[in-house]
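The task is simple: from the sequences and hints, build the whole structure.
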Amino acid sequence: TILREKEKLVQQRKEERAMVREELNKIRAIEKGVLEGLISSFHNESQGLIDKQKKAVEYASAASDSLKTMLNSWHNHTAMVAQFDEVARSKRESAFARERATRRELFEAEVRKLVENAKNSLSNEEKEKAE
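Each residue of the sequence shown is one higher than the last, beginning at 1461 in our numbering.
Worth double-checking, as some hints may not be accurate.
[Unchecked claim] Here are the simulated lysine-lysine pairs, DSS-like style, with alpha carbons at most 27 Å apart: (1) LYS1514 to LYS1528; (2) LYS1474 to LYS1486; (3) LYS1512 to LYS1528; (4) LYS1474 to LYS1492; (5) LYS1528 to LYS1515.
Everything labelled a hint here was simulated from the structure, so no lab data went into it.
As structure tokens, then:
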């Protein structure tokens, strides 16, 4: 009977060990599944972040190209405005120069007229004295 009881205890321990092994295997399988899920999730999330970064780089590149185009357009516009300003300044200077020349000519003509009148006046006075 002691042998039978000992065999029963050994058998019970074997069964308990088998159950523990089964539970451990279940736990390991669960852990493995959880880890694989986490790894897969992390990989997908990482890939999503990489995709988002690629899109952000594409958007930034497009925005940069757009900005370059705008700056180039602005540069061309300011160059044209500067050119128009230069032409307008040149025309104003020409107009002022013509106006100065015209005023100088009028002034010189007036001075000549005054000198001529003065000569005529002198010669009239001399004529009167002579008479």
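Report task. Check each numbered hint against the structure and report the violated ones by number, ascending. Result -> none
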